[in-house]
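Peer 1: As they're listed, the protein sequences go chains A and B. So the number in the working numbering is just where the residue sits in the first sequence, counting from 1, plus 10. So the number in the working numbering is just where the residue sits in the second sequence, counting from 1, plus 2.
Heads up, some of the hints might be wrong.
[Unchecked claim] Below, a sample of chain A positions facing chain B; criterion: calculated Cβ distance under 7 Å: (1) I71; (2) G72; (3) T83; (4) G94; (5) A96; (6) T118; (7) E120; (8) Y121; (9) A124; (10) R128; (11) I138; (12) I160; (13) C161; (14) E164.
[Unchecked claim] Now the in silico label distances, taken between C-beta atoms and shown as ranges: (15) B:A58 to A:E164: 56 to 66 Å; (16) B:G411 to A:E164: 30 to 40 Å; (17) A:V79 to B:E41: 12 to 22 Å; (18) A:G180 to B:A410: 30 to 40 Å; (19) B:G333 to A:S143: 29 to 39 Å; (20) A:G94 to B:R424: 34 to 44 Å; (21) A:E164 to B:Q83: 52 to 62 Å; (22) A:A145 to B:L426: 44 to 54 Å; (23) A:T83 to B:S170: 41 to 51 Å.
No wet-lab data here; the hints were simulated from the structure. Bear in mind the structure is a predicted one, so any value in this text is a computation, not a measurement. We put the beta carbon where it would ideally sit given N, CA and C, even for glycine.
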Amino acid sequence: MNKFSMILLLAGALGVSACNNPDRFGAGGGAGGAGGAGGITAASLGDPNDPNSPAYFNQTIGDTVRFAVDQSTLTPESQNVLAGQAQWMNQHPQYSAVVEGHADEQGTREYNIALGARRAAAVQEFLIAQGVSPARLRTVSYGKERPLAICSDEACYAQNRRAVTVITVGGGV
Amino acid sequence: MSVMLRTLCLALAAIGFNAMPVLAQDGPLRIVIEEGVIEPLPFAAPAFIAENPSAAEFADQITRVVAADLAGTGLFREIPQSAHIARISNFDAPVSYADWKAINAQALVTGSVALGSDGRLNVKFRLFDVFSGQPMGDGLQFGGGSANWRRIAHKVADQVYARITGESGYFDSRVVFVSESGPKDARLKRLAIMDYDGANVQYLTDSSAIVLAPRFSPDGSRVLFTSYETGFPRIKMLDIASVTSQPLADLSGNMTFAPRFSPDGGTVIYSVEQGGNTDLYALALGSNQPVRLTNAPSIETAPSFSPDGTRVVFESDRSGTQQLYVMPVSGGEPTRISFGEGRYGTPVWSPRGDLIAFTKQNAGRFHIGVMRADGSEERLLTASFLDEGPTWAPNGRVIMFTRESAGAGGSAQLYSVDISGRNLRAVPTEGAASDPAWSPLLP
Numbered sequence: 011m012n013k014f015s016m017i018l019l020l021a022g023a024l025g026v027s028a029c030n031n032p033d034r035f036g037a038g039g040g041a042g043g044a045g046g047a048g049g050i051t052a053a054s055l056g057d058p059n060d061p062n063s064p065a066y067f068n069q070t071i072g073d074t075v076r077f078a079v080d081q082s083t084l085t086p087e088s089q090n091v092l093a094g095q096a097q098w099m100n101q102h103p104q105y106s107a108v109v110e111g112h113a114d115e116q117g118t119r120e121y122n123i124a125l126g127a128r129r130a131a132a133v134q135e136f137l138i139a140q141g142v143s144p145a146r147l148r149t150v151s152y153g154k155e156r157p158l159a160i161c162s163d164e165a166c167y168a169q170n171r172r173a174v175t176v177i178t179v180g181g182g183v
Numbered sequence: 003m004s005v006m007l008r009t010l011c012l013a014l015a016a017i018g019f020n021a022m023p024v025l026a027q028d029g030p031l032r033i034v035i036e037e038g039v040i041e042p043l044p045f046a047a048p049a050f051i052a053e054n055p056s057a058a059e060f061a062d063q064i065t066r067v068v069a070a071d072l073a074g075t076g077l078f079r080e081i082p083q084s085a086h087i088a089r090i091s092n093f094d095a096p097v098s099y100a101d102w103k104a105i106n107a108q109a110l111v112t113g114s115v116a117l118g119s120d121g122r123l124n125v126k127f128r129l130f131d132v133f134s135g136q137p138m139g140d141g142l143q144f145g146g147g148s149a150n151w152r153r154i155a156h157k158v159a160d161q162v163y164a165r166i167t168g169e170s171g172y173f174d175s176r177v178v179f180v181s182e183s184g185p186k187d188a189r190l191k192r193l194a195i196m197d198y199d200g201a202n203v204q205y206l207t208d209s210s211a212i213v214l215a216p217r218f219s220p221d222g223s224r225v226l227f228t229s230y231e232t233g234f235p236r237i238k239m240l241d242i243a244s245v246t247s248q249p250l251a252d253l254s255g256n257m258t259f260a261p262r263f264s265p266d267g268g269t270v271i272y273s274v275e276q277g278g279n280t281d282l283y284a285l286a287l288g289s290n291q292p293v294r295l296t297n298a299p300s301i302e303t304a305p306s307f308s309p310d311g312t313r314v315v316f317e318s319d320r321s322g323t324q325q326l327y328v329m330p331v332s333g334g335e336p337t338r339i340s341f342g343e344g345r346y347g348t349p350v351w352s353p354r355g356d357l358i359a360f361t362k363q364n365a366g367r368f369h370i371g372v373m374r375a376d377g378s379e380e381r382l383l384t385a386s387f388l389d390e391g392p393t394w395a396p397n398g399r400v401i402m403f404t405r406e407s408a409g410a411g412g413s414a415q416l417y418s419v420d421i422s423g424r425n426l427r428a429v430p431t432e433g434a435a436s437d438p439a440w441s442p443l444l445p
């Protein structure tokens, strides 16, 4: 690893460490990271070509799995993605993860919190079964509060019924 | 029975008005709030008399709020002041009933306002049944600080409403809700409180963390809500007077949400999520020992106490879809009460105990509906892309809820509707708003 990518990785780690509060959607509603003047945040995700970076986890392995309407069952495709997530986590014990569960807007607010929790737990259980220590995994549900796509038809709903594995720094919670 | 009263009854019968003249001397004018089309009862509210010059503006504004409260129910229709023949120049002067009959005013509200040098308002009012030519009840006066002029106006309107309908009023009440701003995928939410009609908004939290679904304590002094302040949904309790909040207790469980006070204010019932499973728990305030009420692998949430405190209605998907169940307050075998098509959620017991309001999802639409506590006589009151989260007016006659519009630019707004499905109207708020919870009638 050259000096440059080392610095980049370090910067990435620092950036991610600012996200230790699992509420990525907290202050200002934007993605987390170090707070700057005027609430502008900055956080490096690392190099997606570097298989050791969270960016690689997010983009190449895939940090998101989707669900059918009102379901929390993992499809075979989702299980493949999660197997990749587990493998990466097992190889990178310096990281933990918060699994976020989400629902589409076609449900009542509190039910959707519970439904999102069910989805996050399904992912958590799968990762644990693949050897990731339970101490490295937490779950949170946002219900329908943080959609990814904002249209009101199935094309968007399908993207919003999701669980996202958000990598954070630290080997255990 | 006077000739005029007989005429009134006939007129009411002819337009299908459910009026039940009471033959006792003290009040023949009456609206019985029931189902069916109601022709609003015409009333006149001439400007309240200002007893001193500094009271002039208050007198005018108080009259407007009283009239707006009454007309806003859909049960009354104001005859504009420009159509009045008689002029009221002295609060204690005799009423010229003929002039009010001539413009077909069936009820007449008169008042006066005095502003003391100490800044206190004294507001008097009288209510008259024009067609029987009699006062309805005694004149009454309210005193209070001038900053509370709207509350005093609401109290006058509550009296008028109560005397004519025989039901208690609901105007002197508040609503706690979630004020929303920002785009749909990064919505900012903060708790706010306002008068039932949207006036006097005060923000109770900032928007640094998502907040959800507030609920009043039975005395209206505190609010339970769910906050993402810690990064996880957690129940907090807020004292309205001091605008300070704290975690409800050091509750175990990954996520806690959907908190509701018991009718005596001593217990909080709420949902706990653990390992993907959500169940209901009860916590006596002041203790740190939650009692588990449900124990099922399904989702149990959105609880609501019966007003007598003996039962709890909640939603569960134990049957495969969201449905409504009633159980004893200490837990035990729940009885399913919803059996129609679609999914049922967010049940809320009426303060009168007779009905349960709910959100229904069916065939891609959302509805607010009501059913009897045993699940019978289900009626849907609204339909839209997304209606949810009913809350009851203190008298159990009106429901407020969230209506959200579709699409990328969709936003939430508060609406109210009466329990027969009439009088659907938007509640004015500064920006987008959701999750209303209606307070009890203020003391």
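Peer 1: So, for every hint listed, does it hold in this structure?
Peer 2: Results for each hint:
Proximity of A:I71 to chain B is violated relative to the hint, the smallest CB-CB distance being about 23 Å (cut-off 7 Å). At its closest, the beta carbon of A:G72 sits 20 Å from a beta carbon of chain B; the interface hint therefore is violated under the 7 Å criterion. Given the 7 Å rule on beta carbons, the hint for A:T83 is violated: about 12 Å separates it from the nearest Cβ of chain B. Contact between A:G94 and chain B, as hinted, is not supported at the beta carbon level, the nearest pair being about 22 Å apart and thus beyond 7 Å.
For A:A96, the shortest C-beta to C-beta distance to chain B is roughly 18 Å, which exceeds 7 Å, and the interface hint is violated. At about 4 Å, the closest approach between the beta carbon of A:T118 and any beta carbon in chain B falls short of 7 Å, and the interface hint on this residue holds. Here the hint on A:E120 is kept, as its CB sits about 5 Å from the closest CB of chain B, short of 7 Å. Below 7 Å, beta-carbon pairs count as interface contacts, and A:Y121 has one with chain B at about 5 Å; its hint therefore holds.
At a threshold of 7 Å, the smallest CB-CB gap from A:A124 to chain B is about 4 Å, leaving the interface hint in force. Checking A:R128 against chain B by beta carbon gives a least distance of about 5 Å; that is within 7 Å, so the hint holds. Hint on A:I138 is violated. Least Cβ distance to chain B is approximately 11 Å, over the 7 Å limit. The beta carbon of A:I160 is positioned within 7 Å of a beta carbon in chain B (closest approach about 4 Å), and the interface hint is therefore held.
A cut of 7 Å between beta carbons decides the hint on A:C161: the least distance to chain B is about 6 Å, and the hint holds. Residue-level restraint check for A:E164 is violated (minimum Cβ-Cβ distance to chain B is 10 Å; threshold 7 Å). Hint check: B:A58 to A:E164, Cβ distance near 60 Å, so the stated range 56 to 66 Å holds. The given range of 30 to 40 Å is broken by B:G411 and A:E164, whose C-beta atoms sit roughly 19 Å from each other.
A beta carbon spacing of about 45 Å between A:V79 and B:E41 contradicts the range 12 to 22 Å that was offered as a hint. A:G180 and B:A410 have their C-beta atoms about 37 Å apart, which keeps the hinted 30 to 40 Å range intact. Here the CB-CB span from B:G333 to A:S143 is close to 35 Å, well matched to the stated 29 to 39 Å. For the hinted restraint 34 to 44 Å between A:G94 and B:R424, the CB-CB distance of approximately 57 Å leaves it violated.
Judged by the Cβ atoms, the range 52 to 62 Å given for A:E164 and B:Q83 holds: they are separated by roughly 54 Å. Range check, A:A145 to B:L426: about 52 Å between beta-carbon atoms, so the 44 to 54 Å window is met. A:T83 and B:S170 have their C-beta atoms about 50 Å apart, which keeps the hinted 41 to 51 Å range intact.
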